[in-house]
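Asker: Listed here are the chains, written in short residue letters.
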Amino acid sequence: MMYFETFESFIEMGGHGLYIWLCYGIVSFSLIGYYFISAKSTAKAKQELKRFYARLDAQNQVNE
Amino acid sequence: MWIWFYQMASPKWFYQFTDKLLPWFRGSTLVLMLIGLALGLLFSPADYQQGNTVRIMYIHVPAAFLSMFAYVVMAISGAIGFVWRIKMAHIVSVSCAPIGAIFTLLALITGAIWGKPTWGTYWEWDARLTSELILFFLYIGFMALHNAFDDRTSADRASAVLALVGLVNIPIIHFSVEWWNTLHQGATISKFEKPSMDADMLKALLVFIVAFQVYFFTVLMQRIKSEIIKREKMTGWVKKLVEGKAS
Numbered sequence: 131m132m133y134f135e136t137f138e139s140f141i142e143m144g145g146h147g148l149y150i151w152l153c154y155g156i157v158s159f160s161l162i163g164y165y166f167i168s169a170k171s172t173a174k175a176k177q178e179l180k181r182f183y184a185r186l187d188a189q190n191q192v193n194e
Numbered sequence: 049m050w051i052w053f054y055q056m057a058s059p060k061w062f063y064q065f066t067d068k069l070l071p072w073f074r075g076s077t078l079v080l081m082l083i084g085l086a087l088g089l090l091f092s093p094a095d096y097q098q099g100n101t102v103r104i105m106y107i108h109v110p111a112a113f114l115s116m117f118a119y120v121v122m123a124i125s126g127a128i129g130f131v132w133r134i135k136m137a138h139i140v141s142v143s144c145a146p147i148g149a150i151f152t153l154l155a156l157i158t159g160a161i162w163g164k165p166t167w168g169t170y171w172e173w174d175a176r177l178t179s180e181l182i183l184f185f186l187y188i189g190f191m192a193l194h195n196a197f198d199d200r201t202s203a204d205r206a207s208a209v210l211a212l213v214g215l216v217n218i219p220i221i222h223f224s225v226e227w228w229n230t231l232h233q234g235a236t237i238s239k240f241e242k243p244s245m246d247a248d249m250l251k252a253l254l255v256f257i258v259a260f261q262v263y264f265f266t267v268l269m270q271r272i273k274s275e276i277i278k279r280e281k282m283t284g285w286v287k288k289l290v291e292g293k294a295s
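Chains A and B are the protein sequences, given in the same order. Each residue of the first sequence is one higher than the last, beginning at 131 in the numbering used here. Each residue of the second sequence is one higher than the last, beginning at 49 in the numbering used here.
Calculated from the model, a selection of chain B residues having no Cβ within reach of chain A, i.e. all distances over 12 Å: (1) 124; (2) 128; (3) 135; (4) 199; (5) 216; (6) 218; (7) 244; (8) 250.
Quick list of the computed label-pair ranges, beta carbon to beta carbon: (9) 69(B) x 189(A): 35 to 41 Å; (10) 189(A) x 72(B): 40 to 46 Å; (11) 191(B) x 178(A): 18 to 24 Å; (12) 228(B) x 174(A): 43 to 49 Å.
These are calculated hints, taken from the structure and not from any lab test. Here the structure is a predicted model, which means the values were calculated and not measured. Each residue gets a CB set at the ideal place from its N, CA and C atoms; glycine is no exception.
Take these sequences, add in the hints, and give me the full structure.
Answerer: Quick look at the structure:
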């Protein structure tokens, strides 16, 4: 059964809404943010490596 | 059994393995988090003493639990890497640090916000809060130490030792509420006793703990993947992987 009867009481949370929503907000923001940072880190590493291999190949050609 | 163990130690095998697992972990994180939110915010009662602020517990306790869990994973894999010189173990250890630091910070912040309406103060230098803050500094120290070395092998070995030394802090955090007279309340769930809380509250808390744990493994695998290709850049399979996607 749903605990809150009206939407207003859900937002207010018996006067403690600010504390509760702040906590849930900070945690959601951080976890979602870090999810995308960590997901993108592999793509970023691949980009860096692509440049690294290009430099390495160019160097090898000069040496030959 | 041993073949599996050797495979786990191979970065290439591990990379492909996490690639296969990740979609499942991402999906279950999302589903569990949504169920947790519904249970925690809508389908659980308010506490008779704390009122609705008890809902902060559903994310504060999992964050604090994961802050310690991530540290134990970091220290144990660091030790395995140190003793048996397994590359993959160090990769896991190093990848744990930033995730654990985030969970520690979140536990401290949500704890502080929760403290204001229930204790009347954001911060108190009591045993539980102080030892959790030390845990945060241990994570920061681990990352700083690892970055301080030019040579990766020395960095791995030195930070593994730091992680192991800091492991002593974990039981201190856990038992701080029993050893000292603190403001912080005792454990809510215990393996040995019946939980001292309402069944609906317990459900919300347990779902969130599992959700945070699955989230931890999801982002850990994502970090491990990038760490593997950075370290294995001189191998043929990484070169093929990186350049194969371009064409």
